[in-house]
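With the hints as a guide, dock the two chains, each given alone in a separate frame, to form the complex.
So the protein lines, in turn, are chains A and B.
Here the first sequence is numbered in my numbering, starting from 1 and rising by one per residue.
Here the second sequence is numbered in my numbering, starting from 1001 and rising by one per residue.
Honestly, the hints are just simulated from the structure, not real lab data.
Nothing here was measured: the structure is a model prediction, and the numbers come from that model.
All C-beta atoms, glycine included, are put in the ideal place defined by N, C-alpha and C.
Among the clues, some could well be false.
[What the hints assert, rightly or not] Incomplete in silico selection of chain B near chain A, CB under 7 Å:
(1) R1030
(2) S1034
(3) D1108
[What the hints assert, rightly or not] Quick list of simulated restraints, FRET-style, between CB atoms:
(4) A/R439 - B/R1046: 48 to 54 Å
(5) A/P25 - B/Q1104: 15 to 21 Å
(6) B/V1054 - A/A14: 53 to 59 Å
(7) A/R439 - B/V1054: 46 to 52 Å
(8) B/Q1104 - A/G398: 26 to 32 Å
(9) B/T1087 - A/E313: 50 to 56 Å
(10) A/P238 - B/T1053: 30 to 36 Å
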Amino acid sequence: MHTTVAAERTVALAPPEAFALFGSPRGEGWLFGARCDSVAPGAVVSMRLPLDERGGTRGVDVLGRITRVVPSAAVEIEHTQPWRGRLSLRFTPAGSRGTRVQVRASVPPEGVEWLLHRRGVPLPEPPDDGAVRLGAITTASGPGAVYSMSAELMARLAVDEINADGGVAGHRVQLLTADDATDAEQAGVEAERMARLGCRAVFVNATSASFDAVRRVLDGRGVLVVHTVINEGGGDSPTAVRFGERPQAQLDALVAPAMRRADARRWFLVGQSYVWSHGAHASARRAVADAGGHVAGEDLTPLGTTDFTGTIERIARSGADLVLSSLVGADEVAFERQSEAAGLRRSVRTVSLVLEESTLAHIGPRAAAGLQTALGYFEDNPLAGNDGLLARYRDAYGSWAPPVTALSEPIYEAIHRYARVLHTDPDGGPSAHAAALARRIPAPREETIGSRDLVAPRLYVAEVGPGGLEIVDAVAGR
Amino acid sequence: MSTTVDRCYGPWVDPKEDLAFDALSDRVRRRILSVLGEEGELSVNRLAERVGTVGRTTVSSHLRLLRTSGIVRERREGRNRYYSLDTDGAVRDAFVYLQSIMRQAVDDIDDAPAPAANAEPGERGRDTG
Chain A
1 MHTTVAAERT VALAPPEAFA LFGSPRGEGW LFGARCDSVA PGAVVSMRLP LDERGGTRGV
61 DVLGRITRVV PSAAVEIEHT QPWRGRLSLR FTPAGSRGTR VQVRASVPPE GVEWLLHRRG
121 VPLPEPPDDG AVRLGAITTA SGPGAVYSMS AELMARLAVD EINADGGVAG HRVQLLTADD
181 ATDAEQAGVE AERMARLGCR AVFVNATSAS FDAVRRVLDG RGVLVVHTVI NEGGGDSPTA
241 VRFGERPQAQ LDALVAPAMR RADARRWFLV GQSYVWSHGA HASARRAVAD AGGHVAGEDL
301 TPLGTTDFTG TIERIARSGA DLVLSSLVGA DEVAFERQSE AAGLRRSVRT VSLVLEESTL
361 AHIGPRAAAG LQTALGYFED NPLAGNDGLL ARYRDAYGSW APPVTALSEP IYEAIHRYAR
421 VLHTDPDGGP SAHAAALARR IPAPREETIG SRDLVAPRLY VAEVGPGGLE IVDAVAGR
Chain B
1001 MSTTVDRCYG PWVDPKEDLA FDALSDRVRR RILSVLGEEG ELSVNRLAER VGTVGRTTVS
1061 SHLRLLRTSG IVRERREGRN RYYSLDTDGA VRDAFVYLQS IMRQAVDDID DAPAPAANAE
1121 PGERGRDTG
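Okay, chain B solo, but in the shape it has when bound (with noise of 0.2 Å):
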């Protein structure tokens, strides 16, 4: 059974503020959601400490950037903020992600009148690695 999700993951989230998908680009963001894996649920000072190479206010901006993707969710605590994986608003934060390159695969169609001198056909991308 397949479902169609095109645009059904709206614009609650706008994609361009969420390019930075790739964890391995980020160790910091990955010990982050590594840490919160294990524990649970855990403080920005407790984080920190766990995440240990980088300082509270790291950790917090990067927190900021997860929470608005929807992958962490927050929970306050009379002056504290607890922080936690919400593995649904991961789900859909990866849908999001492939519905923004979808439409951007297609949005860059280049439907512009072509130029005078066209590649060979059957010869396509021959310079390309």
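Only chain A is shown next, with the shape it has when bound in the complex (with noise of 0.2 Å):
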């Protein structure tokens, strides 16, 4: 059962002046400071509710679409993070020159427990029902929320087909998920809760240093782990294993090419500091010298940096032709549009690592223009079987969901393919299982979805254009 919450205030503005305030930077004080390029129907919107201690300038951004516009009279938009909920704006006359405005906002029981679990309140735990339980840890907060929109619902998804087709060795399969708030030790702490109530995987759907967290605390426990995104490679273990795209890999797909079409080879790089962009910024460094570029300079900036003036600044003092991005998330959003609006696009071709749909929407079309990367799945692939996975989570979740991107589409592979491995050896323990798991498929001529290559996928070249990601290339896996 949804709850609606809702306030309203009559102002001294006429409806269209009201309205007019909405995602504009002179309202960017009401509703959680909502943030949008336009205001119309499918346009990426993000507010910031405030969470934190008193006087403390954290927040968790509320990131969605508008879904319907009555110009001066009214607005909706769902939204995914940190729940997936409803609000909804009215604007009516009052008086010969008032405007009542009213906010409500359709809180489902998921998201009166993400408040609940975030406020420190322990989550009831399910009884045992005798299913196979399953962990997911996405990011439903913090800078890494923009990327993870559509993973929780992937996994899902995955979980109820296993369930339509009749489960795991005669048992149903229970998905018990939880939200990183991109933070390693949250991570830690909801792996524990995991591993408590019996889950026999977790999938961590988050950055690497979460996944070494979960890793750690699970290490001995008798839980397999498995990371699900794009990581720098490394940190293996007998009951831990990695999918995803590796920066060496992409690099090699990315970086000659960006160098004779821009006729450079001065490259700065952009990151963060924490063992992603330490790994990413080591192949790089090995991908511009053999291609016979060099690197002028180096930004790492904390996880959650909002502000890159300075690093907008070193860059256009470096000389730099190309940048290297490996930011993540809302801290990609900030350095990409900050870039465009301080003219660098003019003097510099950037690459990204992580840019995937969600990403990209939140960058918008104009301050995204040009941008280069390679990933293993965009949501216009030609895979087989991609057309019906998007039918089935369109039909699921609805047409305003979040697009399935290279960050979400993996855990849907994942789980599946670990639901066979159970499937076949329902009493092997996590090393085995994560062998079987790691075991590379011969790679057919045509991939498909449901048989890619999740340890070495093939690779997409993607650059925006009017259309959005439009994929250039195809290039092998590592």
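If you want it as structure tokens, here you go:
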């Protein structure tokens, strides 16, 4: 049952004036500082819930899309993060020159649960009903929420399909989910809970820092850990498997062609001060050197950085012609928007390692024009079975559900693949299951959804054009 | 079915007293709630032992805030006080919080006369991240 929370106020503005404040720089203070590039159906919108300590600056972003607009009268928003819910705004005339502004939030039980958990209240522990329990740790808040919009939905879709097919070895599969809040310590806390509740495997669709924390917490606990998103590699253990793109393969696909196209050799590396960017930039330095270029500068910023003015100034001063960004999530959104606003696009070309459809939507088509990336999945890729997958996803979650991306499709495939392993070997331990999952499947000539090589995915090079991320090349995995 | 709770979660808890909603920002408070979730009911001394990293006084001050918010229930027995989670109170607290931020959202609408220089239509927040 959804609960509606509402508030209203009559303001001394005509309805068109009150409506025009929504999402505008002048109106940033209201509706949690809503930001959007346009007020039209389909436009992405972000707002910030003040969740933090008194006087603090942190908050949690509410990320969604505008689904309906009646000029001067109504705006409807469906949001995915940090929970799936709806917000509606109504503007009705009040008196000769006033407007009654009503805001209503429809909050599902999962939203209340998320709030309670964020408050620190332990979640109720589901009774053991004999189901095979799997955990999915995704990112619903913090800077990573931008790229994780559809991850939990895709994990649920996989589990629903497995159960519709009869479950695993005669047992229903139950998915336990958690938000790591882009915080490795929180990921560890959630992994501990999942182990206590008897999860046989935990799928980590989050940063490498969160994966490391989960792997440490679950070491020796008899739980398989699967990292399902792009990562820098390393951290192997007999009970942990890492799927996803690797920066070395991405850079092999991106660096030399970018240099040829721009007829340029000087690179600037921008990333975050944690293990992902450290690994990615080490690969970048090798790839740039191999291609005959050199690195003119590097900036590593803390995860959660919102102001890249200093970084952009250093790029401009370095004389670099090419920028490699390994920034992720909200940081990548802020950097690319600020780069475009500062005019950096006129002098440099940028390749970005983690630029999927959700992040692109938040950067906006204008600020992202010309950016290049190389990832294993795009929504409009030519893989057989992709149309069917997208149709099932839209049937399950509606036409406004966030895009399926390279950072959400692999968790769907990984859970299906694990279910097949478990079905074949229900009594096997996490080491045997890890070995079975990591076994390379001989690559078919035509990959299909469900049989992709998740260990070393084939990459598609894409460039942001008028139609979004447009695939320009396909290259073999590592 | 929807239930409108506008103003239902009334003034018995002043939202301004209770803006510290994020347990991630306070590990001690999260630990207290986690221990109460595992143990059911504990005295302050026992709770302070289980939390481990801070003293009894600090635990007491966090408990006072949690009790004011309705998340933790207090029971007195002789000279001792015992604390446990109040799940109903926690749900009520979540709605008090939601109600307070919705109210804040509309209160923050700036309906003073617009300044002369307005942003171009269709170019909203270009300079923001």
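Now the hints, each set against the structure:
no.	hint	in the structure
1	R1030	holds (4 Å)
2	S1034	holds (6 Å)
3	D1108	holds (4 Å)
4	A/R439 - B/R1046: 48 to 54 Å	holds (50 Å)
5	A/P25 - B/Q1104: 15 to 21 Å	holds (19 Å)
6	B/V1054 - A/A14: 53 to 59 Å	holds (55 Å)
7	A/R439 - B/V1054: 46 to 52 Å	holds (49 Å)
8	B/Q1104 - A/G398: 26 to 32 Å	holds (29 Å)
9	B/T1087 - A/E313: 50 to 56 Å	holds (51 Å)
10	A/P238 - B/T1053: 30 to 36 Å	holds (33 Å)
Hint check: no violations occur; every hint is consistent with the structure.
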